[in-house]
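Asker: Those protein sequences? They're chains B and P, same order as listed. No gaps in the numbering here: position 693 of the first sequence is 693 in this note's numbering, and each next residue is one more. No gaps in the numbering here: position 216 of the second sequence is 1011 in this note's numbering, and each next residue is one more.
Calculated from the structure, these hints are not laboratory results. For clarity, every value in this text was computed on a predicted model and none was experimentally measured. Just to be clear, a hint being listed does not mean it is correct.
Cβ-to-Cβ under 8 Å is the rule here; a few derived chain P residues that face chain B [as the list claims (entries may be wrong)]:
no., residue
1, Thr832
2, Arg876
3, Arg877
4, Phe884
5, Gln885
6, Ser892
7, Leu893
8, Ala896
9, Arg904
10, Val908
11, Gly962
12, Glu966
Computed from the model, here is a short list of chain B residues facing chain P with C-beta under 10 Å [said to hold, decoys possible]:
no., residue
13, Ala424
14, Asp432
15, Ala649
16, Trp696
17, Pro702
18, Gly703
Glycine is no exception: its CB is placed at the ideal position from the N, C-alpha and C atoms.
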Amino acid sequence: MNRAAFQALWSHWRRHPVQLATLVLGLALATALWSGVQAINAEARNSYDRAAALMGQDSLDRLEAPGGVTPAQYVALRRAGWDVSPVVEGRLATGLGIVGVDPLTAPPQPALSALAGDTDALSGFLGTGFLLVAPETAAQVAQDGLPPFRISPDVPAGTALGDIGLALRLLGTDRLSHLLIAAEQPMGLPPLSDVTDLRRVTPEDTSSLAQLTDSFHLNLTAFGLLSFAVGLFIVQSAIGLAFEQRRGAFRTLRALGISLNRLMGLLALELGAIALIAGLAGIALGYGIAAALLPGVAGTLRGLYGAQVSGTLGFDPLWAASALGIALLGAAVAGAQALWRVAQMPLLAPAQPRAWAMASGRAIRVQAMAALGLLAVAAVLAIWGGSLLAGFACLGALLIGSALALPVVLLWLLRGGARLARGAMGEWLVADARQQVPALSLALMALLLALAANVGVGTMVGSFRGTFVGWLDQRLASELYVTARTEAEAAAVRDWLAPRSDAVLPIWSVAITLRGAPAQVYGVADHPTYRDNWPLLSADPAAWDRLATGDGVLVNEQMARRDGLDLGDTLTLAEGWAPPVVGIYSDYGNPQAQLIAGTGPLAARYPDQPRLRYAVRADPSRVPALIDDLRQRFDLPRDALRDQAEVKALSLRIFDQTFLVTGALNVLTLGVAGFAMLTSLLTLSSLRLPQVAPVWALGVTPGTIALAELARTALLALLTWALAVPVGLALAWVLLAVVNVQAFGWRLPMMVFPGGWLWLGLWALLAALLASAWPVWRLMSMPGGQLLRVFANDR
Amino acid sequence: MLSARNLFKSFATSEGPLQVLRGVSVDVAAGESVALTGESGSGKSTLLHLLGCLDTPESGTITLQGAPLHDLDEAGRAAIRRRHVSVIFQQLNLIPSLTVAQNLAFQARLAGVLDPEWQDEIAARLGLDTLLDRYPEQLSGGQQQRVAIGRSLAIRPELVLADEPTGNLDETTADNVMDLLLDGVGRSRSALLMVTHSPRLAARLNRVLHLREGRLT
Chain B
1 MNRAAFQALW
11 SHWRRHPVQL
21 ATLVLGLALA
31 TALWSGVQAI
41 NAEARNSYDR
51 AAALMGQDSL
61 DRLEAPGGVT
71 PAQYVALRRA
81 GWDVSPVVEG
91 RLATGLGIVG
101 VDPLTAPPQP
111 ALSALAGDTD
121 ALSGFLGTGF
131 LLVAPETAAQ
141 VAQDGLPPFR
151 ISPDVPAGTA
161 LGDIGLALRL
171 LGTDRLSHLL
181 IAAEQPMGLP
191 PLSDVTDLRR
201 VTPEDTSSLA
211 QLTDSFHLNL
221 TAFGLLSFAV
231 GLFIVQSAIG
241 LAFEQRRGAF
251 RTLRALGISL
261 NRLMGLLALE
271 LGAIALIAGL
281 AGIALGYGIA
291 AALLPGVAGT
301 LRGLYGAQVS
311 GTLGFDPLWA
321 ASALGIALLG
331 AAVAGAQALW
341 RVAQMPLLAP
351 AQPRAWAMAS
361 GRAIRVQAMA
371 ALGLLAVAAV
381 LAIWGGSLLA
391 GFACLGALLI
401 GSALALPVVL
411 LWLLRGGARL
421 ARGAMGEWLV
431 ADARQQVPAL
441 SLALMALLLA
451 LAANVGVGTM
461 VGSFRGTFVG
471 WLDQRLASEL
481 YVTARTEAEA
491 AAVRDWLAPR
501 SDAVLPIWSV
511 AITLRGAPAQ
521 VYGVADHPTY
531 RDNWPLLSAD
541 PAAWDRLATG
551 DGVLVNEQMA
561 RRDGLDLGDT
571 LTLAEGWAPP
581 VVGIYSDYGN
591 PQAQLIAGTG
601 PLAARYPDQP
611 RLRYAVRADP
621 SRVPALIDDL
631 RQRFDLPRDA
641 LRDQAEVKAL
651 SLRIFDQTFL
661 VTGALNVLTL
671 GVAGFAMLTS
681 LLTLSSLRLP
691 QVAPVWALGV
701 TPGTIALAEL
711 ARTALLALLT
721 WALAVPVGLA
731 LAWVLLAVVN
741 VQAFGWRLPM
751 MVFPGGWLWL
761 GLWALLAALL
771 ASAWPVWRLM
781 SMPGGQLLRV
791 FANDR
Chain P
796 MLSARNLFKS
806 FATSEGPLQV
816 LRGVSVDVAA
826 GESVALTGES
836 GSGKSTLLHL
846 LGCLDTPESG
856 TITLQGAPLH
866 DLDEAGRAAI
876 RRRHVSVIFQ
886 QLNLIPSLTV
896 AQNLAFQARL
906 AGVLDPEWQD
916 EIAARLGLDT
926 LLDRYPEQLS
936 GGQQQRVAIG
946 RSLAIRPELV
956 LADEPTGNLD
966 ETTADNVMDL
976 LLDGVGRSRS
986 ALLMVTHSPR
996 LAARLNRVLH
1006 LREGRLT
C-alpha cells in the first residue's frame, strides 16, 4: 500500500519536472550558500589554529618587554635555570611573515616535526639555514634573496619558520620578540621577578587572531544565513505549490483508505528524499562557491587583520555531513507549513487549488503588529544594545520586521493606487496586483532582503571608501617614504636628503604591551605636516606642543573606544613615563592599538630602538628624480622607497580587495532573490488561468494581457525596491554606528549614494522582468482551448 | 443577424484527430432566443466558442450583421468579443480581483461604451445593487451568474452566447437566473443562443436546436 501511495504522490513530480527542478535548485542554492560560508570560516579558523599552535602561542606563557627582549635578558634567564625559548617574529617587505625559533629549546610541535630525529635536517636548519613553509606559501612566494624553502604542511600559510639566527638576520634586528616559558620547569628556581624585569603574559592576555576576526566571520555567517533564508523562500514557494496542486490527490488517497498519519509520513519521506538529492547538489555547489571565494576572503583577512589564511580549500567530511543536515533542516522548515495544512485539511475539502488568497484583515493586522514589534525591538537594540551580539540581533530584527511589513505596506500603497488608476485595464492591473501580493509575498520579501542588503552594505562600503580616501590624503601627507637597512645607512640617507628636500621626518615605532594587549607607539617629529593634516577626532588645543615635550600622547580611535579612554587619561608607556592622552585620531583598517608620541621623548625612553624609516617632504615633481638618485647612490632595494601615490594605490587596492567577498555575496543573494521571483511567478502562472481567462474572453488580446502581466511584476518590483532603500539605509546606519564600532572599534560617517540606488532599482526591474518573461510567455503561448477549459469544468 | 455555414472543427487527441463539428450551419435573427441542446461531447460548447470568436473553425463561414468573423486574426476576434458578442460561461466568469461593480462595468469600459444609467438599471433589476462592493469569492453561485449576466448586457451586445449558465445552480435559483437573463436580453434587444441540457429551460426560448455527433438534427 505504501509503495502504491508513494508512487501516486511521486507521479506529480514526473508531470511537473520544472517544479521539481525549482525545488531541488532552491534547496541546493540555500544549502550551498550557507555551507560555502561555513567552509570558508572553517578553513580560516584552521589557519588561525595553525598560527596559534605555532611555537605554543596558544598555550604557553611568554616573557616580553616594550621594544623587545635583548639576548642578554635571555641568557640571564637560562643561566638562572629557567627553561625558556626565544622567538622572533616579523614581516619582510614582500609580506612574508618570518618566525625564528631555537629548535633545541623550542617546545615540541608539529611544524618542527620534519627536524625530529633527522640530524642532517637539524644541522641544515641550524647551519646554512633553510625556511620551513606551507606548500601554498612555497607556490606563491618568490624566493629572491631568501634561503631555500622546505615544505612543512603544519606551518601557517604566508609564514616561514627558520632558525632564530637566520630570522634575526632576515628581519634586520637584534631583539627577540618574546621568550616562551616551558610548561614544566626544574625545581627550586629563583622567582622570575628576581631574575628579570620582563613582563609575564598568559595566552589569554594576548589579542588572538581568532578573537580579532570573530566579527568578520560573524559577518560572513550573517550573510550566509541571509542567503539561506532567501533560498528557503524559493523552497517554501515550490513546496506550497506542489501541495496545493495535489489537494485532489490527497483527498482521493484518503478516500481510498490511506490514513492521515500514513499520508503525512509518505509526504515527509518524499520531502526527505528530495532534500537528500538537493543537499548533495548543495554540497558540490557550496564547495565550488567556497573555493571561488576563499582567495578573496584570504585577501580580506590579510587587508583587515594581517591574518594569513590559506587560499586553497580542503574537503572535510564533517562539513559535508553538516551541509546535508542543514538541507534536511531547511526542507523541514520550508515544508512545515504545507504539511500542517495537509494535516488540517478535512477529508471533504474542495480539491480545486486556490489560485490566489485574499489575505484576511485579521492576518494582515497580526502581521503588521509583529512587524511593528520587531522594528521597535531593532530600535531599542540600536540605541541601548552596546554589544556586537546586540548589533546583529538589531540587524536581524530590522530585516525580519521589514520583510513582514512589506506585504502590509504594499497592500496599503496599492489600495491608495487603485484610486489613481485610470481605465478598465489600469483598474484591473492594480486590483490584480493587490490580489497577487499574498501569493508573491515570499518572493517579494526575498527581493526586499536582497535589495536592502545591497543598499545597506553598499552604503557602508561606499562610506568606508569615501572616508578612507580622505583619511589617506591626511595620513599620507609626505611625498616619499624611505626605509634604510641599517642605522648607518639611515643616517647617511638622512644627511643626503636634508639639503635636497623640504623636510626629513623620522617615523620610528616601538612595539609594547599596553593594558594587556599589543600596541604600537609611533614617534613623529614636531612639524606642520602632522599639525596641519593629521585626522584628529578630538584633541587638546595644545596637543602637538605637548606631544613635542613628552607631556602628551595621541591614541587611535579603536584603542580609545576599547579602553574607554578620554582626553586627560594617562597611559604608562615606559617606566617613569605616563603622559596624558591629548588627542584621539581615526585609524581605519588597523585592528590594533596605536599611539603617537613625540620623536624626542620616545627616543629618550627607547634609545636602542632602530631608527630606519623616514617621511620626506619635497615638491612632488622632484620625487621621481629623488627616488632614482637614492637608488643609485645607496643601492636601496625597490621596497625601500615608496612614493605617496604608490602607497595610496596600494592601500586602496588592499581596501577594495577587502570588500570583494562582500560584493560577491551581495550579487549571489540578489541572484537567489531573482530566482525566488522566477519560481514564484512560474508557480503563479499555472494558477492564474482563472484570472486571465475571463479577461481574454472579454476581448483583451494576449499581447495586451502579457504587457499587463509584465507591468504588474515591474510595479511590484519597483515598489519593493522603493521600500528596500530606506530599509537598506537603516541597515547601513546599524552597520556603521553599531556593528562597526563594536567589531572594529571605529565609527564612520555615513554617506549616501543615490546613483547606486537607481542602478539597483534598474537591476531589480530587469531581474523582475526577466523572471516574469518565461511565465508570461508560457501563459500567452497557451492555446485558446486551454483557456476555455477554465470555464468548462472543475479543474 | 448571425449566420454560420458548414462549420467543421476537430481536436487532436492521443488516438488521432477527433472530429467534433461536421458541417454545422445555423442562423440566429436579431432579438431571437435559441436553445442549443445535445448529449455531452456532441459539440455544443465548441459551436458556441466558434460563434463567440473564442476559437476558429477549420472550415466554414461565420458572419455577424453581414461581416465575416471566421477569418479574423486574434486582435479582430478580441474586438468582436469586446463590443458585439458577450459570452456567459457555466462558472468562473468573473475577474476575482475586481469588485461586483467593477466586474459589471469592466467589459463596457474596455469597449468604451459605458452607460452609467444603463448599468445602474441592470444592477437594480438583477438585485445586485447591495452587493456592489463585494468580491466574487464572497458571492453565491447564483449571485455570480447574475453579475456575469449584468456584465454581458452592459455593452448591449448584438448576441449573447450562454454556455449552460445555470448548470451549477439549483432549480429555483436557475429559474430565477433564467428569468433575469431573458428579461435582460429583451431590454437590450440582444439575440440569445444558449447551450443547455434542460428541456424545461430550452422550452422557454423561441427555438430549440439539437446537436448530435457534430451535426444539427
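Asker: Against chain P, with CB atoms and a cut of 10 Å, does the hint on B:Ala424 hold up?
Answerer: For B:Ala424, the interface hint holds, since the closest Cβ of chain P sits about 4 Å away, which is under 10 Å.
Asker: Just to be careful: measuring from the Cβ of P:Arg904 to every Cβ in chain B, is the smallest value less than 8 Å?
Answerer: 4 Å, holds
Asker: Using Cβ atoms only, decide whether B:Ala649 comes closer than 10 Å to chain P, and label the hint accordingly.
Answerer: Violated. Min distance 58 Å.
Asker: Does B:Trp696 pass the interface hint, meaning its C-beta sits closer than 10 Å to a C-beta of chain P?
Answerer: It holds, given that the least Cβ distance between B:Trp696 and chain P is near 8 Å, below 10 Å.
Asker: With a cut-off of 8 Å, does the beta carbon of P:Ala896 approach a beta carbon of chain B closely enough for the hint to hold?
Answerer: It is violated, given that the least Cβ distance between P:Ala896 and chain B is near 11 Å, above 8 Å.
Asker: Would the hint on P:Val908 stand, with a C-beta cut-off of 8 Å toward chain B?
Answerer: 11 Å, violated
Asker: Have a go at the P:Arg877 hint: is there a Cβ in chain B nearer than 8 Å to its own Cβ?
Answerer: This hint holds: P:Arg877 lies near chain B, its Cβ roughly 3 Å from the closest one there, short of 8 Å.
Asker: Holds or violated: is there a CB of chain B closer than 8 Å to the CB of P:Glu966?
Answerer: This interface hint is violated because 20 Å lies over the 8 Å limit.
Asker: Holds or violated: is there a CB of chain B closer than 8 Å to the CB of P:Phe884?
Answerer: Holds: closest Cβ of chain B sits about 3 Å from P:Phe884, inside 8 Å.
Asker: Under the criterion of a CB-CB separation shorter than 10 Å, is B:Asp432 in contact with chain P as hinted?
Answerer: 4 Å, holds
Asker: Does the interface hint hold: is P:Thr832 within less than 8 Å of chain B, judged Cβ to Cβ?
Answerer: 17 Å, violated
Asker: Given P:Leu893 as an interface hint, is the shortest Cβ-Cβ distance to chain B below 8 Å?
Answerer: 5 Å, holds
Comparing the model with each earlier hint shows violations of hints 1, 8, 10, 11, 12 and 15; every other hint is respected.
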